[in-house]
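Student: Starting from the known structure of chain A, arrange chains B and C on it as the hints suggest.
Chains as they are written, first to last, in the working numbering: chain A, 1 to 340; chain B, 341 to 623; chain C, 624 to 877.
FYI, nobody ran anything at the bench for these hints, they're computed from the structure. Keep in mind it's a predicted model, so treat the numbers as computed, not measured. Beta carbons are placed, not taken as given, at the ideal position from N, Cα and C, and that holds for glycine. Incorrect hints may have been included.
[Unchecked claim] Pairs of lysine to aspartate or glutamate residues, derived as EDC-like cross-links and limited to a Cα-Cα distance of at most 20 Å, are as follows:
| hint | chain 1 | residue 1 | chain 2 | residue 2 |
| --- | --- | --- | --- | --- |
| 1 | C | Lys760 | C | Glu822 |
| 2 | C | Lys731 | A | Glu189 |
| 3 | C | Lys648 | C | Glu855 |
| 4 | C | Lys745 | A | Glu189 |
| 5 | C | Lys835 | C | Glu808 |
| 6 | C | Lys818 | C | Asp763 |
[Said to hold, decoys possible] What follows is a list of derived Cβ distance ranges for each label pair:
| hint | chain 1 | residue 1 | chain 2 | residue 2 | range |
| --- | --- | --- | --- | --- | --- |
| 7 | B | Gly518 | C | Ser733 | 55 to 61 Å |
| 8 | C | Arg697 | A | Leu304 | 45 to 51 Å |
| 9 | A | Leu100 | C | Pro651 | 46 to 52 Å |
| 10 | B | Gly518 | C | Lys731 | 53 to 59 Å |
| 11 | C | Glu714 | B | Gly518 | 29 to 35 Å |
| 12 | A | Leu104 | C | His807 | 53 to 59 Å |
| 13 | B | Val601 | A | Ser283 | 33 to 39 Å |
[Claimed, not checked] Sample of chain A residues at the chain C side, in silico, Cβ under 7 Å:
| hint | residue |
| --- | --- |
| 14 | Ser190 |
| 15 | Ala197 |
| 16 | His208 |
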Amino acid sequence: MMTYIDYKNVVPKTIIALGVLLIALVPVLTANEATLSMLILSGIWSVVVMGFTLVLRAGQFSLGQAAFMAIGGYTSAILTVQMSWSFWPAFLMAGLVSGLVALLVGMVVLRVGGIYFSIITLALCEVVRIIAQQWESVTRGTRGLITSQPNPINLGFYEINFFINSVPYFYLTLGLVALTGLVFWRIGESRLGRTFAGVALNQVLAEHQGMYLMRYRVIAFTVAGVFTGLAGTLYAHFLTVLTPTMLGLWQSIQILIMSIVGGIGSLVGGPIVGSFILYIFGSYLTRLEIYGIQQLLFGAVVVLVLLFLPKGTGLVDLWGKFWTKVIWREKEFEMDEGEE
Amino acid sequence: MPPAGIWIDGLIQSCAYMTMAFGMVLVFSILGILNWTHGQFYMLGAFMVYYAITIAGLPFPLSLLVAGVLVAGLGMLVKKVIIDNITGELYVGAATMGLIFFFEGGASMVFGMQDKGLAMVLPGVLNLDAFSVSHQKIAVVSFTLAIMIILYIMLNFTRIGLAIRATSQQPDAAALYGVSVERLSLIVMGIGCGLAALAGGIIAPLYTINPFIGGIPMLMSLLAIVIGGIGSLTGAIVGGLILGFINCVVAYHISYFSEVVLFVLVIIILLVRPQGLFGAALK
Amino acid sequence: MSFLELKKVTRTFGKLVALEDIDLKVEPGEILGVVGPNGSGKTTLINVISGYFRATRGEIYFMDRKISGQRPDRIAQAGIIRTFQSNVLYEGTTVIESMLISSYQQYKTSHWHSFFNTRTWKDENEEVVGRVIELIKLLDLLNDTFLPADGLSHGYQRLLGIAMAMISKPRILLLDEPTTGMNHEEAMFVVDKIKKINEQGVTVLIIEHNMKVLLNVATRVVVLNFGTKIAEGIPDEVMNRQEVIEAYLGTEMV
Chain A
1 MMTYIDYKNV VPKTIIALGV LLIALVPVLT ANEATLSMLI LSGIWSVVVM GFTLVLRAGQ
61 FSLGQAAFMA IGGYTSAILT VQMSWSFWPA FLMAGLVSGL VALLVGMVVL RVGGIYFSII
121 TLALCEVVRI IAQQWESVTR GTRGLITSQP NPINLGFYEI NFFINSVPYF YLTLGLVALT
181 GLVFWRIGES RLGRTFAGVA LNQVLAEHQG MYLMRYRVIA FTVAGVFTGL AGTLYAHFLT
241 VLTPTMLGLW QSIQILIMSI VGGIGSLVGG PIVGSFILYI FGSYLTRLEI YGIQQLLFGA
301 VVVLVLLFLP KGTGLVDLWG KFWTKVIWRE KEFEMDEGEE
Chain B
341 MPPAGIWIDG LIQSCAYMTM AFGMVLVFSI LGILNWTHGQ FYMLGAFMVY YAITIAGLPF
401 PLSLLVAGVL VAGLGMLVKK VIIDNITGEL YVGAATMGLI FFFEGGASMV FGMQDKGLAM
461 VLPGVLNLDA FSVSHQKIAV VSFTLAIMII LYIMLNFTRI GLAIRATSQQ PDAAALYGVS
521 VERLSLIVMG IGCGLAALAG GIIAPLYTIN PFIGGIPMLM SLLAIVIGGI GSLTGAIVGG
581 LILGFINCVV AYHISYFSEV VLFVLVIIIL LVRPQGLFGA ALK
Chain C
624 MSFLELKKVT RTFGKLVALE DIDLKVEPGE ILGVVGPNGS GKTTLINVIS GYFRATRGEI
684 YFMDRKISGQ RPDRIAQAGI IRTFQSNVLY EGTTVIESML ISSYQQYKTS HWHSFFNTRT
744 WKDENEEVVG RVIELIKLLD LLNDTFLPAD GLSHGYQRLL GIAMAMISKP RILLLDEPTT
804 GMNHEEAMFV VDKIKKINEQ GVTVLIIEHN MKVLLNVATR VVVLNFGTKI AEGIPDEVMN
864 RQEVIEAYLG TEMV
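Bound-form chain A, shown alone (with noise of 0.2 Å):
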């Protein structure tokens, strides 16, 4: 007899559909700022961490990701106060501009593995902090350079205007959130998402089952750096300022804690549920008024998490690698099961 989980009925639909539908329905029930822009900062750490979740799934471990976040946001904001282009052309261009960074990039670096391509994202990441802090007559160095909200889009019988709260962020944030999510669910459902596991989990063999390696590898990086430049963009002008020191390799490992915590099993659950909580919970240890507490707290939740998640595993695999995983579904069998 066949026995196995089918893993889609452990998450029903509905259940997705209607977590989708409360986000959405955020505003409407609180006007409050602070929710909000609490909210919206979870949301594009989510999108990155998705970004970085992709390249893991591929087998790369980088620790680059807020590189491409500083990219993608220097570019808008470069493209937007020095040269006064408006926000939507800028955020696009963005997105281009660190994915074009992303393949050029790693169509060098991806060659190398393990721990070695770790410690050259790092390099990277610095790199591009250190140009960033010095490049003074584009990037103003450490005085940062002050990005502006969006432009009002006029619908002719409605205008939104980015300027009076949050809201229209909000909503532009959980656009990015679900193209980013409907892309790489799509990802990990197709055969793209079986070949990166292959690439991933046995190199050697996969190169003599016909697989080229760099070139999965080099589409995972890359598909990561778009979404992550985006990402960029709308956390460098939802907070009007960038500096160098706000995306360096400290983020990079905030972004690596929130994948491992939110579960590595699926590439859209996984990274949305661990950046929500821990960013979230790191913004309201924030609020405690001793000096350092947050960090011990979260540290400290971060090493319990993963010290209790049975063999290594993140939050929302607890509950069934739905999703994204490399899985067959019981209907394309349903044929062999009279013959047993």
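Tutor: Below, chains B and C alone, put in the same frame as chain A:
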């Protein structure tokens, strides 16, 4: 040619990086993980030396010893409680990264966030014709040398050193010959973390101390390891030396650009020769 | 036109010569056995053909195309698929998952089709999955379909390795010691499966240490010793030659 003072500063930094990098390589070659909290052990070492001198009034060498032993114990505790109970390289890596936050937060709570400085522990200046060196700096170099000699003796002439060398080369074979890898890795973790604390303690009197000083030495010794070759003990020492000098001497000529040079150098080394300058066997 | 042809292939590791001036032709449809004592360069031969190592000197042609010096994935795409001496699996996957990952080469449509979940992709996928099932049945793995691959017994892991190679529809299958660590019955079981595979029109090059197994399966054998070819011909005849017996003296002989 930069003035002699710059070279001496380079040497001082090299000493710290060397000691730390050595500990990291030691841990890596036996446990197979990079301990990302190494920088925080450095910071704790510096604080312990500070308090041992200012509050307990211990002499400098003795307080170094105390800091080393205490942090070594802490490292063993981390190994026993956390690292042993998590499976998978990835997850252990993430856990040690989480510990960075834990220790920095803890240190800020206990020791406070403001900068602390030790007044010169060993006052006085040695005057040579061309330049002068403070006794403190001489002490740094000589303590580092002493530590290196002790380590050399330990690795080459004791049973435990033999076990460490054997395990780092052939873990399975060493286990067959009766080396308890479990116990050995605990000891090595202790030694590695103790070395980080010593590195912090040795240069504590020269620089300011705060809970966040661990990050840069950690990064630098990581790079030193890469330059020397991950897993190579000689490599760690040479890498540390090179890095310290690059940091000071190149910085003298082209200021901030030295860092870019450094990172680009590391990237190139990893791309061209991932096993580093002293190509130890790839893990 | 030759099928797979090695011309004066040499591979050295430093001073050690693992293969020296090997000339070898594989004819379509046959089961060619390569035997030799330990260290005679058998596995190096497979590694060189499959592109894992480059040949130091010499050339390899497959269907009149030069494949020596190409990347392993190119060689695999040309239709040369290998298995490994030890059990090499995709870590942490179930049997069916490993098979689906391995079926990479069976999809001819672009990744976009599967990304957008089009009709074409669904049809193609159904077909491939059907073939996966067939193969699983052929190799008697049906009861283990949903079990973790690394939990299978040694023999079944070896079979899974062969299945994972077979799903790529190789023109020629390189088997690296498929019966290591098995007792006689198990080995005969695997031999039977290899014959079945061969009947489907797949050329097989099998490397084996165990003579008994080889006598049962190969239609032609090549004997290697110290990296050189010392004999070639039909199994029964070759095994009785003096130089072959000498090469094997002291090791297990039939």
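Student: With reference to the structure, classify each hint as holding or not holding.
Tutor: Against the structure, the hints:
{"no.": "1", "hint": "C:Lys760 <-> C:Glu822", "verdict": "16 Å, holds"}
{"no.": "2", "hint": "C:Lys731 <-> A:Glu189", "verdict": "18 Å, holds"}
{"no.": "3", "hint": "C:Lys648 <-> C:Glu855", "verdict": "11 Å, holds"}
{"no.": "4", "hint": "C:Lys745 <-> A:Glu189", "verdict": "12 Å, holds"}
{"no.": "5", "hint": "C:Lys835 <-> C:Glu808", "verdict": "12 Å, holds"}
{"no.": "6", "hint": "C:Lys818 <-> C:Asp763", "verdict": "14 Å, holds"}
{"no.": "7", "hint": "B:Gly518 <-> C:Ser733: 55 to 61 Å", "verdict": "57 Å, holds"}
{"no.": "8", "hint": "C:Arg697 <-> A:Leu304: 45 to 51 Å", "verdict": "48 Å, holds"}
{"no.": "9", "hint": "A:Leu100 <-> C:Pro651: 46 to 52 Å", "verdict": "47 Å, holds"}
{"no.": "10", "hint": "B:Gly518 <-> C:Lys731: 53 to 59 Å", "verdict": "57 Å, holds"}
{"no.": "11", "hint": "C:Glu714 <-> B:Gly518: 29 to 35 Å", "verdict": "30 Å, holds"}
{"no.": "12", "hint": "A:Leu104 <-> C:His807: 53 to 59 Å", "verdict": "57 Å, holds"}
{"no.": "13", "hint": "B:Val601 <-> A:Ser283: 33 to 39 Å", "verdict": "38 Å, holds"}
{"no.": "14", "hint": "Ser190", "verdict": "4 Å, holds"}
{"no.": "15", "hint": "Ala197", "verdict": "6 Å, holds"}
{"no.": "16", "hint": "His208", "verdict": "5 Å, holds"}
Going through the hint list in order, the structure satisfies each hint without exception.
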